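Participant: Here is how the chains run, residue by residue.
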Amino acid sequence: MPKKINQAIDIPHLGRVEGHGGIHVEISDGEISKVDMAIYEGSRYYEVLIVGKHFAEVPQIVSRVCAICSADHTLASQMAVEDAMGIKITPRTRLMRGLLLHGSMVESHALHVFALALPDLLGYPSLLTMVDDYPEAAAMGL
Amino acid sequence: MDKPRVGIYGLTSCAGDQLAILNCEDELIKLASLLDIRSWVMAQSNNDEETALDIAFVEGVIGSEKDLETLQQVRSRAELLVAIGTCAVWGGVSAMKNNLSRERMREMVYGDRAEHIDIREALPVKAAVDVEYELPGCPIEKEQFLTLVGSLLHGDLPEFPESTVCSECKMKENECLLVHRHEACCGPLTKAGCGARCPTLNVPCLGCHGPIEEAHYNANFRALRSHQISKDDIMKKMGVFASPAWMPNVLVEAESLEKEQEYAQED
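Chain order of the listed sequences is A and B.
Residues 1 to 142 (my numbering) make up the first sequence, in order.
Residues 1 to 267 (my numbering) make up the second sequence, in order.
One should not assume that every hint holds.
Heads up, simulated EDC-like pairs for lysine to aspartate or glutamate below, C-alpha to C-alpha not over 16 Å straight-line [stated by the list, open to error]:
(1) B:Lys142 x B:Asp54
(2) B:Lys97 x B:Asp112
(3) B:Lys30 x A:Asp10
(4) B:Lys30 x A:Glu107
(5) A:Lys3 x A:Glu31
(6) B:Lys66 x A:Glu41
(7) A:Lys53 x B:Asp233
(8) A:Lys53 x B:Glu253
(9) B:Lys142 x B:Glu25
(10) B:Lys231 x B:Glu213
(11) A:Lys4 x A:Asp36
(12) B:Lys236 x B:Glu173
(13) B:Lys3 x B:Asp54
(14) B:Lys3 x B:Glu79
(15) B:Lys97 x B:Glu253
(16) B:Lys236 x A:Glu31
(17) A:Lys34 x A:Glu57
(18) B:Lys30 x B:Glu143
(19) B:Lys97 x A:Glu47
(20) B:Lys97 x B:Glu79
(21) B:Lys231 x B:Glu214
Just so you have them, the derived chain B footprint on chain A, three or more residues with Cβ under 8 Å [stated by the list, open to error]:
(22) 11-19
(23) 31-44
(24) 47-60
(25) 67-77
(26) 132-142
It should be emphasised that the hints constitute simulated quantities derived from the structure, not laboratory data.
Given the structure is predicted, the values throughout are model-derived calculations rather than measurements.
Think of the CB as a built atom: it goes at the ideal place given N, C-alpha and C, for glycine as much as any other residue.
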């Protein structure tokens, strides 16, 4: 029989992620009895903001949903506009977009690995505090 | 001299200005060695929310009660508060439709089961607290941020040239998108700093750095109208990044132009 756990886990403001949130979990007798998730940011209502805008402006607006994956949001909204208007793109445009998407993925993952996740794995509070012990790795990450 | 104690905070935003700081890459290690970064939730986990700060950089709009609480708490601890990015300076994209009720917007997006979602109107930082310096941009330009930090380290504030994206575009000898293609462009009103990034790629300026001081709204409105661009299209274009600053001016000018045209017809 596994031991019955009674515990509360409280993460008030999760660091090193894009976005602001916290979580509170209560465990009683080995069962999760309560989960409260808090989102501290306000809503931005992009769905409403783009209503009535010129179609060419929509990708530029929607790209501001998230800075880390702005290229992906730009592409997604371009595809939505094309879908709505029945626009077909050329193979060359498709290839260019693929390149942008892969670039975005490399950038996003590199940021995540080096600046956001790696300090946790090595027990540092941030990438910048790793500079003294791992100057080359930190510089490469940046 | 002791290193200045610095906090970097994000309110409701895309985190793009904090990402621009992270993207300082080669300069970031040096930057971090000159500053004592006490709080930066996006980039570190050992954050100190008690100590007095010499400089606080704040990104984003006040978009929730928690944002307002955070901002007031940061203001009370900081000697200098610097608003970074167009959201913090002007309200940015989030404040684009502040004429619509937030309650209505919430209903349009989330339906009737979203009472837990905050409906605070999106406002720039200066709407709630005093601000010592503002660096706009969507996102901020990292060169300008580094210049700003350099100046602050010397106990000063930077002086960026008060010129427009239009001037930067002219200096690059680009073909004018308004004159030659009759496209609505915010370049003549918009604060320089980007090196006319968009118009250089044949995309009209959308004004993401916000207006310069004493922008000529009326002259620009008339210039756009003279290229047969409709009032509606002009307002759509100008109403994206600094809507609360631009819209009232544009509406006044649109009205006076309409009256003039009426009088001209009567004559």
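Participant: Could you tell me which of the hints above the structure violates, numbers in ascending order?
Facilitator: Per hint list: 1, 2, 3, 4, 8, 10, 11, 12, 15, 16, 17, 20, 21 violated.
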